[in-house]
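Trainee: Residue numbers (the working numbering), protein chains in the order written: chain A, 3 to 252; chain B, 3 to 252; chain C, 3 to 252; chain D, 3 to 252.
No wet-lab data here; the hints were simulated from the structure.
Hints may contain errors.
Heads up, the list lumps identical chains together, so a pair's fine if it works in one copy or across two of them.
Said to hold, decoys possible - Below, in silico cross-link-like pairs of lysine-lysine (BS3-like), each with a Cα-Cα straight-line distance of 25 angstroms or less:
1) Lys83 with Lys110
2) Lys6 with Lys89
3) Lys130 with Lys89
4) Lys19 with Lys83
5) Lys19 with Lys110
6) Lys110 with Lys89
7) Lys130 with Lys83
8) Lys110 with Lys6
Protein chains: 4
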Amino acid sequence: MRDKIRVTVWNEYRHEKRSPEIAMIYPEGIHGAIANFLRTQPDIEARTATLDEPEHGLTSEVLENTDVLVWWAHVANHEVKDEIADKVYWRVLNGMGLIVLHSGNLSKVFRRLMGTACSARWREAGEKHRLWVVAPGHPIVEGLGEYFEIPHTEMYGEFFDIPRPDELIFIGWFQGGEVFRSGCCWHRGRGKVFYFQPGHETFPIYHQGQVQQVIVNAVRWAAPVSVVNFRDMAEAPWFPEPIEPFASGQ
Amino acid sequence: MRDKIRVTVWNEYRHEKRSPEIAMIYPEGIHGAIANFLRTQPDIEARTATLDEPEHGLTSEVLENTDVLVWWAHVANHEVKDEIADKVYWRVLNGMGLIVLHSGNLSKVFRRLMGTACSARWREAGEKHRLWVVAPGHPIVEGLGEYFEIPHTEMYGEFFDIPRPDELIFIGWFQGGEVFRSGCCWHRGRGKVFYFQPGHETFPIYHQGQVQQVIVNAVRWAAPVSVVNFRDMAEAPWFPEPIEPFASGQ
Amino acid sequence: MRDKIRVTVWNEYRHEKRSPEIAMIYPEGIHGAIANFLRTQPDIEARTATLDEPEHGLTSEVLENTDVLVWWAHVANHEVKDEIADKVYWRVLNGMGLIVLHSGNLSKVFRRLMGTACSARWREAGEKHRLWVVAPGHPIVEGLGEYFEIPHTEMYGEFFDIPRPDELIFIGWFQGGEVFRSGCCWHRGRGKVFYFQPGHETFPIYHQGQVQQVIVNAVRWAAPVSVVNFRDMAEAPWFPEPIEPFASGQ
Amino acid sequence: MRDKIRVTVWNEYRHEKRSPEIAMIYPEGIHGAIANFLRTQPDIEARTATLDEPEHGLTSEVLENTDVLVWWAHVANHEVKDEIADKVYWRVLNGMGLIVLHSGNLSKVFRRLMGTACSARWREAGEKHRLWVVAPGHPIVEGLGEYFEIPHTEMYGEFFDIPRPDELIFIGWFQGGEVFRSGCCWHRGRGKVFYFQPGHETFPIYHQGQVQQVIVNAVRWAAPVSVVNFRDMAEAPWFPEPIEPFASGQ
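Just chain A, with the same shape it has in the complex:
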């Protein structure tokens, strides 16, 4: 049968080191919490990488052996080196899945893959976020009901400057009056990208069952598809000979 899906969970890992309150929620870091619930799945294996490791923990060797990269970032989006963001970008175009969480919307990698600013309205008021399923046949909603709620979170609101999603999965309702495209899929080259809004660091959101379910589902959805003899996306291949012969000057 199919080999396990090899996931790398990347986290800037700054909030947890600076704030005892956040460290209490995520004693192993947000990356540790996410890797832990992923590891409970028989078809998934997970490792972690963080900003302050050499090459941010994302060496060529790590990236080549990653099927799906999960990305959590916030205050240090600008500290990610351009050459690392560049390597991640090309790896996605060549097939690696990418799951971007919460404030990763403003990361270099996500903005480059989207082609837009990815900005949104925002507010920290600890308000309720209710996520409605608008794609009930999509594998990312496996196991969910019509909606689920995050009791307290940071608000992100429209207009969210993203390209039209290839698949819009969740629409979020916020207590303060906004809506948000809270779960969205895109294809880029041979890779797939899922953005998922839940995850503010000051609330135990990644301990919530439905959030974990969505991330597990998204890992399976984003796993690479094996195609054969497909070119590297960095090439614009020249084919001097037509497949079908035709008389020149025809």
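We have chain A already, so just place chains B, C and D on it with the hints.
Mentor: Here is chains B, C and D on its own, set in the frame of chain A:
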């Protein structure tokens, strides 16, 4: 692990009974040929049903126990009873996958699910059809290369009167000068629909490896997603009480 | 320059005749109110048609001379004759624009064009509906800001059983906790369809400036495009001769 | 009535200066040829800009006064300065339309807006390109028939590494056996982008009526929409106060 995907392969089964040449290509019928290669997959089980069986072989019991229905039809599209087409339609909205092959584009079920006429240009000249992959990260192209060819087939050409596909997988090149959206995905209610052009009855197209690969992949893609407490699509549910309380007259 | 866009505003016209309160809001009927603000535009001319007229006011001659049909319906969706719904359906596939308002989501014409049940959650509690623009470059939002509000309306909530919109324009926030895809565009054949949620008959919604602006914009967007020598969508044309000659048996 | 659409036609303008054969086809440059046919339209005004002008002719003042920018580039894609590409990028997100022609697919601006490599197969064999209309209700096909042909051109073939188009308008058939998504639309921020394949410099393609018609139509489609009080896309605005009041700790 997951149970097997239960597939029903439906065929009008007329050409094979009337034409010795076609019967030679498909001695067990087109449905038999398709069911046979599906049965080689460890995660799929397949049965068949045909037009001339009672209720066209599609009783409520059969439909309730079908995860993915494969549909081949041509000369007898109009003989399918409205009440059976109606049952298939609602079963798709409630989650059953549907794979429509070749001239099934003009079937009652497909036209009703699409909301358009589904007509196209056509010509029988035994010409070449080359299918180009335009969604290389999609599970339906697993195992394929950049393109594959059907050496001889019936031409279907644009304008193909379908709704814009949710996912366009293959674009076909025809020797006589036309193009066609030869593989397309749509979501309808909780169900998923895949249309795939290859399959003219006078050529051994369903014996070709890449065609079989696509249909196997499509079965896996179209399999239902388990959601919980989701309503039946025939209902427009009334919720007198708001989820969030608010002062009336506010 | 371009001729005026010829609009027919269709209304079942039942609520206004039965309820003095509703008649007070719409003394000329909902169709009259809509036609009146459309007529203020120099590039639009508008007439009306209602259910109780012969052929529901939608004779072949009227339909042939309609560029965009606006459709308001509610309690009498089932009273529309199949043959009239059928004529409207084919006229849309052949280029006529269609704007479906509020409870017209359950009309025969809209459901047939969508290929789904078009059902949704609903509640009558007079709550607030805030419509957020999620497609700020689309002509249907010309003149609007980031959002606008309907102070009191009937709630329609997700899951809304529609095909994935070709263009999602508005996402609605409801006071009671739901969200809704409140403004959506689709292409069908050569025609264009816009669904717009605002419009419950017991509130003066069509007297509100932003709602009028959206409907005016939608009329311009939905107006037919002139293509030449394009086939009737009811045909599946046969082309015995290839455009490009090729050797048979090649 | 509406003011004229202000178009700037940008060209790297190198081939015409170096090759007498190309200069013969385009004595005023490709930009001159395009600007000339645009100027025949009563609702369009056009100026030009080229690579070797200061700031490539694209000063902030020019960009601020451009509604739609037409972009032709080929051998000098890499010579465009990053800061100019950056200004064009943000101007598109804030509403300017962009029409990218032929080998402009590999320009900095287009690749950044797409978020992909935008590479494709290619071949110079002077072969035939037949463009089929697959969106017959879209304003970009106004005045066209089911297809039109470019007698001799450079081939671009799939897989074309672009994001899934928001609207796929033309599918191209090439004599040598390839297909191509030859006309595609995307929304980015408040702006709209149209890519159109025809235009190899060694053939008189911009003198062909249907090609001119498509570019004129695309200018009208890409013209900005006036929204009010919409934020600059470079901002991620913070709203400390909710629109809807709620009890904190609720």
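Trainee: Now look at each hint and say whether the structure bears it out.
Mentor: Checked hints:
In this assembly of identical chains, the alpha carbons of lysine 83 and lysine 110 lie at most 25 angstroms apart whether taken from the same copy (9 angstroms) or from different copies (20 angstroms). In this assembly of identical chains, the alpha carbons of lysine 6 and lysine 89 lie at most 25 angstroms apart only when taken from the same copy (23 angstroms versus 39 angstroms across copies). For the homomeric pair lysine 130 and lysine 89, neither the shortest alpha-carbon distance inside one copy (37 angstroms) nor that between copies (38 angstroms) is at most 25 angstroms. Taking the closest pair of Cα atoms, lysine 19 and lysine 83 come within 25 angstroms of each other only inside a single copy of the chain (21 angstroms); across copies the shortest separation is 41 angstroms, beyond that limit.
Only within a single protomer do lysine 19 and lysine 110 lie at most 25 angstroms apart by alpha-carbon distance; the minimum there is 23 angstroms, versus 39 angstroms between protomers. Taking CA atoms no more than 25 angstroms apart as the test, lysine 110 paired with lysine 89 passes in both settings, with 12 angstroms inside one copy and 18 angstroms between copies. In this assembly of identical chains, lysine 130 and lysine 83 lie within 25 angstroms of each other by CA distance neither inside one copy nor across copies; the values are 35 angstroms within and 46 angstroms between. Taking identical chains as interchangeable, the C-alpha atoms of lysine 110 and lysine 6 are never at most 25 angstroms apart, the minima being 29 angstroms within one chain and 38 angstroms between chains.
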